[in-house]
Structure formats: structure tokens, C-alpha cells
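Just so you know, the sequences run in chain order A and B. Under the working numbering, the first residue of the first sequence carries the number 1, and numbering increases by one thereafter. Under the working numbering, the first residue of the second sequence carries the number 1, and numbering increases by one thereafter.
It should be emphasised that the hints constitute simulated quantities derived from the structure, not laboratory data. Every clue listed holds true.
Straight-line Cα separation of at most 25 Å, DSS-like style, residue types lysine-lysine; simulated pairs:
| no. | chain 1 | residue 1 | chain 2 | residue 2 |
| --- | --- | --- | --- | --- |
| 1 | B | LYS177 | A | LYS174 |
| 2 | B | LYS177 | B | LYS13 |
| 3 | B | LYS11 | B | LYS177 |
| 4 | B | LYS177 | A | LYS156 |
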Amino acid sequence: MDIEVIRSYMPLYRTAAWLTLRLGLLGIVFAILIGFVCAAVRYRRIPVLRQIAAVYIEISRNTPLLIQLFFIYYGLPKLGVRTSPAACGVAGLAFLGGSYMAEAFRSGLESVAPIQTESALSLGMTNGQALRYVVLPQAVSVSVPPFMANIIFLLKETSVFSAVSLMDLMFTAKDLIGLYYSTTESLFLLVVFYLFILLPVSLLGSLLERRLRYAGFGV
Amino acid sequence: MPDLGFSVLWKGKNFARLMGGLWVALRISLISVAISIPLGILLGIAMTWKNPVVKALTRGYLELIRIMPQLVLLFLVFFGTTRTFGWDLNGELSSIIVFTLWGTAEMGDLVRGALISIPRHQYESAAALGLDEAQTFLYIILPQTVRRLIPLSINLITRMIKTTSLVLMIGVVEVLKVAQQIIEANRMSSPNAAFGVYLAVFILYFLACWPISLLAKYLEKRWQ
Chain A
1 MDIEVIRSYM PLYRTAAWLT LRLGLLGIVF AILIGFVCAA VRYRRIPVLR QIAAVYIEIS
61 RNTPLLIQLF FIYYGLPKLG VRTSPAACGV AGLAFLGGSY MAEAFRSGLE SVAPIQTESA
121 LSLGMTNGQA LRYVVLPQAV SVSVPPFMAN IIFLLKETSV FSAVSLMDLM FTAKDLIGLY
181 YSTTESLFLL VVFYLFILLP VSLLGSLLER RLRYAGFGV
Chain B
1 MPDLGFSVLW KGKNFARLMG GLWVALRISL ISVAISIPLG ILLGIAMTWK NPVVKALTRG
61 YLELIRIMPQ LVLLFLVFFG TTRTFGWDLN GELSSIIVFT LWGTAEMGDL VRGALISIPR
121 HQYESAAALG LDEAQTFLYI ILPQTVRRLI PLSINLITRM IKTTSLVLMI GVVEVLKVAQ
181 QIIEANRMSS PNAAFGVYLA VFILYFLACW PISLLAKYLE KRWQ
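Next up, chain B with everything else stripped away, as it sits in the complex (with noise of 0.2 Å):
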């Protein structure tokens, strides 16, 4: 069994630099998305008004936001806005605006959706039983979006997770660029690293996702 590099991930300090890197991923997606969720649901609630305006405005941004790859977003961002005005935005910065932006556009069509998922007869029933209109929201309405929305959410924070990883493309120095860099710096001592290495990656990004599709997987079932 020839070195596949397994051994070059416990030499000196390198699997803690491969968590430092991933830990840079996960708190851009954990920033963006402790942003998204309040905006979102602000958005959601926007896009279920019947104001035309609002209609057109909100939908123009959900459309625009989603039908873009993510990756071009980022460089437009990274590359566009910086030409275009002037200033000075790190890759860091440029990734937490991109997947705010993003973010809020997905939690907003969830929130919207859980809105309207709700049947008439639930503010109909509500108001024949005497609630004033913030009563419903607060007692009828809330609660069962909430139950629908929260497994949704939770997904989104795992393609949140995995959508960080492209910002190795516009040069922060994550997971997948410390796990380039090992590999370099081994390349005499274990021609192999990439294998090991990348599998390392691989299998890191899996944990860090995996658990939290289970917790949403398992409130869907438990609430529908």
C-alpha cells in the first residue's frame, strides 16, 4: 500500500490548520446567515402584500438573486463593485455581502411560501372566534409558519455551508486553500498528499453538513 498522504495531515500543526481553514468557512456562512433570517423573513412577509409595487420590487430581486450562480455573483461583487466605485472590499467581505444578498432572497421566498401555505379558513376560524387581527398572527399564524419554516431553514444553512466553499475562487483562505498549501509543502516528502489530503477536505465538509440535514430531516418529520 504505497503513502496516500494520510500521515502528512498529524504532521506538525497541520490538521489544526485544516480545521483553523474550515472554521473561516463556516463563519462566513454563520455570519450571512444570522443576517438572512431576519432580513428574510422581513422580505417574506413583504412579498405577501398585495401592493404592486412592493410585488414587482420583491420579485425582481428573488428572481435576479436566484437565477445567477453564486460564483458570479461573488465576483461581481469582488471584481464588479470594487472597479466601478472604488472601494476596498476583502474577499472575506465580499463573501458575507454575496451570501446576505443570497441568503435573504431564498429565506424570503421560504417564509413567503410558508405564509401562503396557510389556509384561509385558519383567519377565518380565528376571526369568528372573536382574535383581532395581531391575536391571529400572534397565536394562529405564527406558530404554524414557524413549524414549517424552521426545518427549511436549517437546510439552508447547510447549502449556505456548502456554498462557502467557492470562495476559494475569489482568494480567502479557507479549508480548501489550506489543504493546497500542505499539499505543496509537502510535494517532496509525500508525492501522494493530494489524495489523503483532499479526502480530508471532503470528508470535513460531510461532517460539518451532515449532522444538521439530520436535525432538519428528523423536525420535518416530527411537526408535519
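So that you can see chain A by itself, here it is in the shape it has in the complex (with noise of 0.2 Å):
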């Protein structure tokens, strides 16, 4: 391994990083927004909004991302919906998370049973405050560690942002060993940045899941 070549090597990994975590973010951040109104569709049951997010969940869940990808970037346009690789990476990603997310949330819902609403609205709590004080509590220690393994997920799935010509970390590894043959120095500068953005996310997990674990109530 040559330290020279690692030095010159820094900058492209730090620009190709900077894209992958702020395209991730966005991209989660939209996520968590599809799986919140999907989750509380569901919830609430609210006929044929339902029944739709039912269909995305299933759909979403079981189709890769590179092949949402593909059909967003190429197949799509040829309907005239022309999206920016960017744009592309970010839909591609809330459109997987979303399911994850939906899937994450719905499940601290529904550990609370149904019971504890019923007291609370009989202490007279209007439906407001039951699920303040009483559901979302409870809801959100279950749901805390299925959230944090679906940011890491949802991270990890960055690394197909290539396949649609984004120039993320795995685009400037291959890059690099395709132009200079330089794959021991590629490989463990992309080893060390995946690391460095995926390490923190993961400690904080298990901390927070740790700190959370008693929250809950007859669960």
C-alpha cells in the first residue's frame, strides 16, 4: 500500500462521501415521511388509502433498489418522466425506505394494545391525548430499533447509486482501479469511508436501544 497515493487519493473519496451521505439523508428523510403517512393510513384504516399503501408496501419490499433504479432513470423517461441522477437516487431511495419505514412504525403501533387507548379514554383523555400520553411512548421504544436498522440499511443501500452514473464512493473505487490499477489503495479508502459514515449510525443504535429497552409497558 502506497501512502502517497492514498494522500492524493483523499480528496475524491471525501467529495464522493459528502454525496453519498447528503443524497442518503435526503433520500431518508423522504423515506420516514412515506413510512409516517403510510403507517398512520394503515393504522387508522382509512379505506382505499389503505388498501394503496398495502400494494406500494408489498411492491416496494420486493423488487431491489438497482432495478427501481434502472426502471426510474432509463425506463421512465421514455413516458416523458425525465429525472437528474440525483433526483433519481433520492426517489429510488424513499420509494424502498418508505416500505421499511412504514413497516418500522406500524409495528410499535400496533404492540400497544388496544386496551391502553380504551383506559385512557376512559379516564377522559380525548383521542388526542391518549395517543400524546399513553400509544406514542410505548410505540416509539418498539419501534426505535427496526428505525435504526433501517437507516443503516437505507445507508448501505447508497452504494448502488453508481448504476445511474452518480459518482458516489463505489463509482470513485472503480473508477480508480479501472484508470490506475491501484485496487489495494482503492478498496481500503472505500473500506475506511463506509465505515467511518456507517460506525457512528450503528454505535448510536445500540445505544439508544439500550436506553430504550425498558420503555415499554406490558409488551
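Reassemble the complex: the two chains are provided individually, in unrelated frames, and hints are given to aid placement.
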């Protein structure tokens, strides 16, 4: 391994990591929004919307992100829907992540027994109060572990962004291997940068999980 | 309605070629799953041991494999090990190695989770009834573990199938690559083929994974 080569590659990887991180976070934010809406629609049993959410979740969970991206980036323009690579990456990640987030939220909401809501209402709380003070605190503690796992999963999934010509970490590594044959250095930096992004999130996840483990009641 | 490339699918042997490509991806995932499940069971059992060295090693393996995107692992094996050790690995073999390493880690974690989820009183009650250790494991622990494990391992198969789509990136000719070839070959006669062909690939993957997910969900509910 050549330290000079590593030093000269650093800026390239830093730019790429920044792109991965930015698009990844943006996609995750949209995924959380989609997941929240889907989970709410299913929890409240809103007709029609509920079935649409169920179909979306099945489709999104049973297809790989790479195929979703190919369809959005190369297929949809033929219908006149043209997207930039960055928008396509974010859209794909949001489409994939929405269903995973929805399932995480739903598992939390469903873990709170109906008797808890009924008891809260019988104590004179309004619907909103029951949700705010009784259901949500318990639901959140159940949802946090799958929620954090989803964030790590989605950040890892961004590695396929290079397929739609985004210059992310994978793209940079492959490019440098192809151009200069500096396989060892390129792969070393690839691993280091992914660790740099993923390790803190993973540690935060286990920390939160430990703190919230006993917050549930009657689970 | 313009031609969106659906007709290309039925031209010549195109559809058979797509299915052949899908089979390449499925074959990789099925072989990897078949090797991962027994290895993962062994790993999972080892992870419940109290020996600190075994604990550190298995934990380290699990965390290391799981934190890296699978595509990075593919690159490490396909480009990295071939360069470092000078051996020759084709894309398909590299993917089987990577998915086996990854599947073993995932399966090991599932097995560990299922084993430690069995409450202590099950062991104690078995001992109180006069069962020896082997009997306890065979008649009490194993049946309960397997019931918890089967839906989760079936889910692992769908995850494996979805992840095999990545092998395109290390040059394995699978369904997505075949789709690209078909689109390229018909660029003049049907310029919009990308829509129809990629939609077909999308649906094929869905049809491969959906029934398996449904089965997992059904078993999970039934055995609860």
C-alpha cells in the first residue's frame, strides 16, 4: 500500500462520501415521511388509501433498489418523466425506504394493546391526548430498533447509486481501479470511508436501543 | 399510445433469455442460501457459548460483515482478493463467496436470537421432569427454535434474491445485463424498449420474491 497514493485520493473520496451522505440523508428523510403517512393510514384504517399503502409496501419490499433505480432512470424517461441522477437516487431510496419505515412504525403502533387506548379514553383523555401520552411513548420504544436498523440499511443501499452514474464512493473506487490499477489503495479507502459513515450510526443505534429497552409496558 | 417496448419482449428468444438471466441470479442466491443455512446454524450456536474468545471472534465477524454494504464486499473479493492473492475468481464464484459469508452472518444472528429467546424456565422445567441435556435440546428447545426460525430464514432467502441484483456490478451476466443487451440490440426498431424491458425485469423480481414473502408471513402468523 502506497501512502502517497492514498493521500492523493483522499479529496476524491471525500467529495464522493459527501455525495453519498447528502443523497442518503435526503432519501431517508423522504422515506420517513412516506413511512409515517403509510403507517398512519393503516393504523387509522382509512379505506382505499389503506389498500394503496398495502400494495405499495408489498411492491417496494419485494424488489431490489438497483432494479427500481434502473426503471426510474432508464425506463420512465420513455414516458416523458425525466429525472437527474441525483433526483433519481433520492426518489429510489425514498421509494424503497418508505415501506421499511412504514413497517417499523406499524410494528410499534400495533405493539400497544387496544386496552391501553380504551383505558385512556375512559379516564377522560381525548383521542389526541391518548395518542400523545399513552400510545406514542410506548410505540416509539418498540419502533426505535427497527428504525435505526432501517437507517443503516438505507445508507448501505446507497452503494448502488453508481449504477445511475452518480459519482459516489463505489463509483470512485471502481474508477480509480480501472484508471490506475491501484486496487489495494482504492479498496482500502472505500472500506475506511464506509466505516466512517456507518459506524457512528450503528453505535448510536445500539446506544438508543439499550436506553429505550425498558420504556415499553406490557409488551 | 406509443410503442413502449413490450413487443420487444416477445421478439425471438428475448423472453427466454430474460428468464435465463433471472435463473443465473436465482442460482447464485439459492446456492449461497443452501451453504449459509447450515454454517449459520453452527455460527449461531457458537455465539451462545460463554467462551470469551469464541464470543469476540463470532461477534467481530458478524459486525464486520454486516456493517459493510454487500457491494463493497463484492468489490473486496472480486477486485481485492484476486489482486492480493493472485488467484483467479470469476464473477459468479465471487458472488457466491460473498453471499455465503453474508448469509452465514445473518443466519447466525437469527439462530442466536431464536436460541436466547427461549425462556430459562423451559430448561429448568425439562430438568425437573428428569430429561437429560441432549433430550432437553432435542425435544424441548429445538422444536421451539425451529418454529421461530423458519419464517425468518425464508425472509433471508428473499433478501438474498434481492441482493443478487448487485452481481451486475461485477460483470456477471444476469437478468439486468440481458435486459440491457436486449434494449441495445433493438435500439433502432423500438427506441422506447427501456420502459417495457426494465418494467418486465421489475415484475420478474417481484414475482420471484413476493410468494416467498407471503409464505414467511403466513408461517409466522400460524406458528405464533
